[in-house]
Amino acid sequence: MNATVLATENLSIGYAPRRGPRRVIAAGLNLTLHAGEVACLLGPNGVGKSTLLRTLVGMQPPLAGRVFLDGADLATLSVREIARRLSVVLTERIEAGHLTAYALVALGRHPHTDWTGRLTPRDEEMVRWALDAVDAVCLSARLVHELSDGERQRVMVARALAQEPLVMALDEPTAFLDLPRRVEMMRLLRRLARETDRAMLLSTHDLDLALRAADTLWLLAPGGVMHVGAPEDLVLGGAFEATFAGDGITFDRYQGHFHIHPPARRRVALIGDGLVGAWTARALERAGCVVVAANEPALLRVVIGGDDRRPCWEVRANGATLQRVGSLREVVALVQGDHL
Amino acid sequence: MAKTIPPTIESTVTASPWPRPGLRPLALAGMLGCMALAFLLSLSFGSVQIPLEQVLTILLGGQPDRATWTTIVYDFRLPKALTAALAGAALGVSGLQMQTLFRNPLADPFVLGVSSGASLGVALVVLSVGVANTTLLTVAGLPGNMSLAAAASVGAGAVLILALALAQRVQSSVTLLLLGLMIGYLASAVVSLLLYFSIAERIQAYVAWSFGSFGGVTWTQMRVLVPTIGFGLLLALALTKALNALLLGEAYARSMGVDIRQARIGIIASSAMLAGSVTAFCGPIAFLGIAIPHLCRALLRSADHRVLVPACALVGATAALIADLVAQAPGTNVVLPLNAVTALIGAPTVVWVILRRGVGRGTFGV
Chain L
0 MNATVLATEN LSIGYAPRRG PRRVIAAGLN LTLHAGEVAC LLGPNGVGKS TLLRTLVGMQ
60 PPLAGRVFLD GADLATLSVR EIARRLSVVL TERIEAGHLT AYALVALGRH PHTDWTGRLT
120 PRDEEMVRWA LDAVDAVCLS ARLVHELSDG ERQRVMVARA LAQEPLVMAL DEPTAFLDLP
180 RRVEMMRLLR RLARETDRAM LLSTHDLDLA LRAADTLWLL APGGVMHVGA PEDLVLGGAF
240 EATFAGDGIT FDRYQGHFHI HPPARRRVAL IGDGLVGAWT ARALERAGCV VVAANEPALL
300 RVVIGGDDRR PCWEVRANGA TLQRVGSLRE VVALVQGDHL
Chain W
0 MAKTIPPTIE STVTASPWPR PGLRPLALAG MLGCMALAFL LSLSFGSVQI PLEQVLTILL
60 GGQPDRATWT TIVYDFRLPK ALTAALAGAA LGVSGLQMQT LFRNPLADPF VLGVSSGASL
120 GVALVVLSVG VANTTLLTVA GLPGNMSLAA AASVGAGAVL ILALALAQRV QSSVTLLLLG
180 LMIGYLASAV VSLLLYFSIA ERIQAYVAWS FGSFGGVTWT QMRVLVPTIG FGLLLALALT
240 KALNALLLGE AYARSMGVDI RQARIGIIAS SAMLAGSVTA FCGPIAFLGI AIPHLCRALL
300 RSADHRVLVP ACALVGATAA LIADLVAQAP GTNVVLPLNA VTALIGAPTV VWVILRRGVG
360 RGTFGV
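Residue numbers (numbering that gives the first Met the number 0), protein chains in the order written: chain L, 0 to 339; chain W, 0 to 365.
What the hints contain is simulated information worked out from the structure, not anything from laboratory work.
A portion of the hints provided could be inaccurate.
As the list claims (entries may be wrong) - Derived, one-sided and incomplete: chain W residues facing chain L with beta-carbon distance under 7 Å:
{"no.": "1", "residue": "L246"}
{"no.": "2", "residue": "G248"}
{"no.": "3", "residue": "S254"}
{"no.": "4", "residue": "R296"}
{"no.": "5", "residue": "R300"}
Think of the CB as a built atom: it goes at the ideal place given N, C-alpha and C, for glycine as much as any other residue.
The shape of chain L in the complex, shown without the other chains (with noise of 0.2 Å):
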């Protein structure tokens, strides 16, 4: 295993107001991250991730126990220390004018130059190469503001990276992102925790991502309770759907996602197979159906005809056909009709 980067001794964290009584989010955490470790911190919205994520940069203090980087106590160092072993990529937006993706990534040099701000010829070579190492360099010359969310994300992440940390600590970098853009930041932020080194923690609420992404999870559950291990085991000992059980999902343990759909009602046989199929079955099970085979009882009965190209779809009901009908949004109104 290599070298803890950052770890906690019986962390509380919370809120301790100067009137009324604490709030305690989570207790007793004692957290562990490795050097070129990527650990992905889950949960339900209002659990206290950003609390936790808070306290570990040092944004927040702790109501109790500890919090090391690189084996010093948190709480004894300056806050030029601290920024020089961890940087954050923050959900907040940049709002500046004026400024180059080059200038805002030279920032992150901001713990390593003197007090005029001036670049050295390295902190220059640590701006290109963090610029390079997210595959930016076009970037560069580009005003922030006219960047989208996808590009202005890469350029916040080389500018963590520029400053050279042993930790990057992200707020839900995938956030905004859409789904491509989200596997791509994934496998960057795995790619330079390989290549780099440095231990990257992420909040996120990307379950389907952190689980094939992550080395660790950090899964808080509501009531501040903390699971962690390896995705595989979260899901196979049951913490990870546990913690996301709700009404109207279910997780499958099987392929690792959830699925979302009201209570089912009716039962619908489902006669036909191959994409059209698979799709068909999607779309009957968000109407709220139970999909169950072709030999098995039921009162409706989907047969799909046509070929994977025109597929349609036949409705029957009791044995009698009821409609014949061209596209699934058809025939999720006929089920979901009363007028059966």
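Chain L is fixed; fit chain W onto it per the hints.
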């Protein structure tokens, strides 16, 4: 295959070198040149016109064609031009600092209530005569002009100390901005009350002060004004690194090793010192503080405070000199209100630059 990169892409990458966030020495030198020219012009023009080469002769210690010109230049125009240059520089830099600290394009040097404090000080001195029949200044035994500045300094200083004390306690800059506004309203309310109970001549004296003027500063007062503004500008230069980090917001600045509380106090101290001393000696000069930073960002297309701070000082000084020149209405004995002139010429200029350069969107996401 990905192996063979098309030569066009390769060549464009090598042809466009890395953008250099440099210090733009040429642009700054140009601005310095403009300021020097405006300075000389403001020495030359006035109710009496003195030719430029005569002005240079006087400045270099030579004998001009007419002996009175030496007196005019040294006793009237030089202190006035110096005051204008210093005040313009101070307001430009102070406005820049406030806009960056509060990440608000509408912030100006007076958002923390410094000018309201100064106004209150002056109002107390000028308007209190109605009550006691002797002004507070005659009680203090000070000559009229000097005591106006003293009263304004006390008012601005009190607000500065209040703002600094609040900056120590308050977590968020937005709260600070709100508190500054409230201080401003409070001071204005007291001034309104004083105005209501005062006599007409006194009110006129107060209104005249509120028009703003660079003309009232004597060489003696310069001994206070020059070091205060000089120190404020130096402090602003020393804070450029923190200001640059603050472009990304306080959370990012902190994560990059900036001690936010310390930086905030430094910035407020510098900004209030600059704005406060200008208001004390020249009255509440509106407009320059809010407009000059936008003008500089648009002209330089840069967000780097290492360039913007000197640029705002130079452009601010130039703008103040030109505004003063116009307010003199050269060749006549009329002196227009300075505040009216700055906005009358300045507002269309800034609108034109901002629209032409299409920069409105970029600044602070507006």
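Comparing the hints with the structure gives:
1. Proximity of W/L246 to chain L holds as hinted, the smallest CB-CB distance being about 4 Å (cut-off 7 Å).
2. Checking W/G248 against chain L by beta carbon gives a least distance of about 6 Å; that is within 7 Å, so the hint holds.
3. At a threshold of 7 Å, the smallest CB-CB gap from W/S254 to chain L is about 5 Å, leaving the interface hint in force.
4. This hint holds: W/R296 has a C-beta 6 Å from the nearest C-beta of chain L, less than the 7 Å allowed.
5. The beta carbon of W/R300 is positioned within 7 Å of a beta carbon in chain L (closest approach about 5 Å), and the interface hint is therefore held.
Of the hints listed earlier, there is not a single one the structure fails to meet.
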